[in-house]
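In the order they appear, the protein sequences are chains A and B. So for the first sequence, the numbering used here puts the first residue at 670; every next one is plus one. So for the second sequence, the numbering used here puts the first residue at 322; every next one is plus one.
Because the hints were derived from the structure by calculation, they are not lab data. Do not take every clue at face value.
Stated by the list, open to error - Straight-line Cα separation of at most 20 Å, SDA-like style, residue types lysine to any residue; simulated pairs: (1) A/Lys-979 - B/Pro-519; (2) A/Lys-979 - B/Ser-452; (3) A/Lys-776 - A/Asp-880; (4) A/Lys-979 - B/Asp-526; (5) A/Lys-862 - A/Arg-886; (6) B/Lys-705 - B/Thr-508; (7) B/Lys-481 - B/Gly-511; (8) B/Lys-481 - B/Gly-512; (9) A/Lys-776 - A/Leu-875; (10) A/Lys-883 - A/Asn-856; (11) A/Lys-979 - B/Asp-521; (12) B/Lys-481 - B/Thr-508; (13) A/Lys-979 - B/Ala-525; (14) B/Lys-345 - B/Ala-667; (15) B/Lys-497 - A/Glu-977; (16) B/Lys-510 - B/Asp-476; (17) A/Lys-979 - B/Gly-511; (18) A/Lys-979 - B/Asp-476; (19) A/Lys-979 - B/Gln-550; (20) A/Lys-979 - B/Asn-517; (21) A/Lys-979 - A/Phe-945; (22) B/Lys-639 - B/Gly-676.
Remember, predicted model here, so these are calculated numbers, not experimental data.
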Amino acid sequence: MDILNALVVFLNFVFIPAAAYGAQLALGALGVTLIYGILRFSNFAHGDTMAFGAAITIIVTWGLQSLGISLGVLPTALLALPFGIAATALLVLGTDRVVYRFYRVQKAAPIIFVMASVGVMFVMNGLTRLIIGVDEQRFDDGARFVITVRDFREMTGLQEGLAFRTTQALTLVIAVLVVWALFWFLNRTKSGKAMRAYSDNEDLALLSGIDPEKVVRMTWIIAAGLATIAGVLYGLDKSFRPFNYFQILLPIFAAAIVGGLGNPLGAIAGGFIVAFSEVAITYPWVKVAGYLFPNWEPGGLLQLLGTEYKFAVSFVILIVVLLFRPTGLFRGKSV
Amino acid sequence: MKKLLLATAASALIAGAAGAEEIKLGMSLGFTGPLESMAPGMAAGAELAMKEVSDSGLLLDGSTVVGVRGDSTCVDAAAASATVERLITAEGVKGIVGGMCSGEAIASLENVAKPNGIVMISPSATSPALSTIEDNGLFFRTSPSDARQGEVMTDIILEKGINSVAISYTNNDYGKGLADSFAAAYTAKGGSVTINAPHDDGKADYSAEVAALSAAGGDALVVAGYVDQGGSGVVRGALDTGAFETFVFPDGMVGQALVDNFGSEIDGSFGQNPAAEGEGREKFLEMATAAGFDGTSAYAAEAYDAAALMMLAMAAAKSSDPAVWKDKVMDVANEPGEQILPGELAKALEIINGGGDVDYVGGAAIEMVEPGETAGVYRQVEFKDGAMEVVGYR
C-alpha cells in the first residue's frame, strides 16, 4: 500500500505535470529545430509565434462559443486550432517574404538571421499584444478532469489522490499524433524527403531539382503549425498571457540544444529531459520518501532547489551540455 | 461717524485675519511606480479633508490648508527622501501625508522628517517594522500593521482547531512581511508552520510551488497573495491536485473575485480583511463621489483620515507647529469625546474650539493604539455554498 501511495504521489506531482510540460516543450523545440535544420538559424521569434497562434485561436474559440458551437467534453479551442494555424502560417510566410528572404538571397551569415529573428520577435510581441492585450485570457471549456482526486480516492481506497486533467491528457495525445505525423511526412513523402535533402546539403539538393523556395515555404508552414499547437496546448493547460510565451523560449531552446539542434528526435527527448529535470529538482521528495522508508525521518523537505529557481535548471542543463557535448545528446548540427 | 464705524469694522476684520495663516500639508505618495494607480485616489482623499477644513474657516482663526503633492515613487528610497526634503525645506509644510510604501516611508522618516521635526502620517505603510521604529513621536499611520493581521489570523485559525499550516506568500514586501509576522504569531501560540515559501506573480503555472507546499503538508494553506495574481494560481493548483482543501485568505485575497474564480470549490475556507464597512465608510464614499473620485480606491479613506487627524490635532494644540501638535494626534483620534465621521470636520473643529473632546472615527474606523497606529478591525469571512459570508469582526 505504501509503495502504491508513493507511486501515486509521484505520478500526481511529478510525472503527470512534467510529462504534459515536456510534451509542450517538445512541440516547441521541434519547431525551433526544424527551422535550424533547414533554414540554418535559431529562430528567437518562435515563442512569440506560439503566442500569436494561440491568440488567434482564442479569438476564434470565443467566436465559436458565442455561436453555441462546442465539442462537448473537449475544449472548443481544438475546433479553432486550424484557423489559428492558417493565420500563423500566413504571418510567418509574410515575415519570410519581407525579412528573411532578403538575407537568404544575399547568403547572409547565420548570426544575421538570428539578429533579424530577434527583431521579428519584438514585432510579433507587439502584434500579439495589440490583438489580444497583455492580460491573462481563459478559453478552456468542456470537462476539466479525466480523473479527479476525490474519484481516484474512492475508486482505489488509497490515501493519496491522483488528478489527471483533460488538458494534460489532450497535450500528451496530440503531441504523440503530431510527432507521428511529422516523422511520417519527413520520412515517407516526397516533400519531406526534399526537405531533408535540402537540410543535408543545399547545393546537392538544388542540383537534384529541388525548389528551395518551396522547401522554405513548407518549413515555415510546418513550423507555424507546430508553434500554434504548442502555444494553444500550453495556454489550455496553464494559462494564456503573451509574456509567458517569451519566458518559455529559454526552456524550449534548452530542449532543442540538449537534444541536438536540427535533430527532431533530439528535440523531443530534450523537451522531456528539461521538463523532468525542472520538476524533479524543485520537488520536495519528503512525502514520497516517507511512504517508501517509513522509519526514516529526514527532518527536511528533501528539496534540491527552491521552486523560485525553476528556470535556472534549464540554464544549467544548457551550459553543461554546451560544455561537454556541444552537438547535443543526439548529434545534431554543431551550434 | 459712518466712516469711523466702517474703519473700525475693517480694522477688526484685518486684525481677525492676522491670526490666520495658509498651512501647507505635504503628500508624499507614489504617483509613479508600482502603486501609481492607487496614489491619485489617496491624494484626492487627503485634499478632500483639507478643502473641508479650509471651507469651514474654523481652524486656527480661519486658517486655510493647501496640499502639496510630491512623488515618493514607492520603491526608490532616495527619491522619496529627496521629495520629503523638498516639501519641508522649499514648501515649508507642517506635516506630511505619507509615505506610501513601507520601505520609502522608513527612509524618508529617518533621513528627513525626524531631523526636521515634521510629523508623517502614513495612510498605507503596513510593515511591522514601522511599529518598532524610533520616531520621536513623529510617525503615525491610519492603517494597521500587518503584525496585527498576523495575530488576528492566528486566533481565527487556532479557534478552528487547525494546528499546522503551510504558507505561500507573494514574493514582495507585503507578502513576506505578512507571512513572517503570521508565522511568528502562529508558532508562538503553539501552531506549526510546515513551509513558508514564496510564489512569484504573473506566472503561467504554479504546479511546482503547489507540489512543494503539498509535500510539506499541513491542515490548511495560508495564501498571502493577490487574488488577481499568483494567489489564485496557487489555489487553483492546490485544488486540482488535491493538495489542500482548506484555505486561509488574508486581505489581498478576500474579494468577490475569489468567489467568481472558485465558487463552491473553496467551501469551508475562511479569511479576514480590514473592516472598512460602517457608517463612516459609507459617508466617505458619498463624499468622494460628490467630489468626483472613486472612494473605494485602496487607502483613499485612510488618506482622508490622515489629513483630518493632522488638522484636528492642530486645532486641539492651537498651533500649526508639528512639535506642538504631534502630542495631540492620539487625543483627537481616541475616546473620550464625540465621534466624528467624514464630513463632520467642521463640527469637530467647533467642539475643539469650544474646549471639548472629539473621538475621530473617519472613513476607516480609526482607533489609535501605541505606538501611533490603528488597532485595525478585521472582518472575518467564511465561504459556504459558493458564497462569501461575513461571520464577525475582531
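Do the hints match the structure? See the list:
{"no.": "1", "hint": "A/Lys-979 - B/Pro-519", "result": "holds, 13 Å"}
{"no.": "2", "hint": "A/Lys-979 - B/Ser-452", "result": "violated, 36 Å"}
{"no.": "3", "hint": "A/Lys-776 - A/Asp-880", "result": "holds, 16 Å"}
{"no.": "4", "hint": "A/Lys-979 - B/Asp-526", "result": "holds, 11 Å"}
{"no.": "5", "hint": "A/Lys-862 - A/Arg-886", "result": "holds, 15 Å"}
{"no.": "6", "hint": "B/Lys-705 - B/Thr-508", "result": "violated, 28 Å"}
{"no.": "7", "hint": "B/Lys-481 - B/Gly-511", "result": "holds, 14 Å"}
{"no.": "8", "hint": "B/Lys-481 - B/Gly-512", "result": "holds, 12 Å"}
{"no.": "9", "hint": "A/Lys-776 - A/Leu-875", "result": "holds, 15 Å"}
{"no.": "10", "hint": "A/Lys-883 - A/Asn-856", "result": "holds, 17 Å"}
{"no.": "11", "hint": "A/Lys-979 - B/Asp-521", "result": "holds, 11 Å"}
{"no.": "12", "hint": "B/Lys-481 - B/Thr-508", "result": "holds, 16 Å"}
{"no.": "13", "hint": "A/Lys-979 - B/Ala-525", "result": "holds, 13 Å"}
{"no.": "14", "hint": "B/Lys-345 - B/Ala-667", "result": "holds, 19 Å"}
{"no.": "15", "hint": "B/Lys-497 - A/Glu-977", "result": "holds, 14 Å"}
{"no.": "16", "hint": "B/Lys-510 - B/Asp-476", "result": "holds, 9 Å"}
{"no.": "17", "hint": "A/Lys-979 - B/Gly-511", "result": "violated, 33 Å"}
{"no.": "18", "hint": "A/Lys-979 - B/Asp-476", "result": "violated, 35 Å"}
{"no.": "19", "hint": "A/Lys-979 - B/Gln-550", "result": "holds, 19 Å"}
{"no.": "20", "hint": "A/Lys-979 - B/Asn-517", "result": "holds, 17 Å"}
{"no.": "21", "hint": "A/Lys-979 - A/Phe-945", "result": "holds, 11 Å"}
{"no.": "22", "hint": "B/Lys-639 - B/Gly-676", "result": "holds, 11 Å"}
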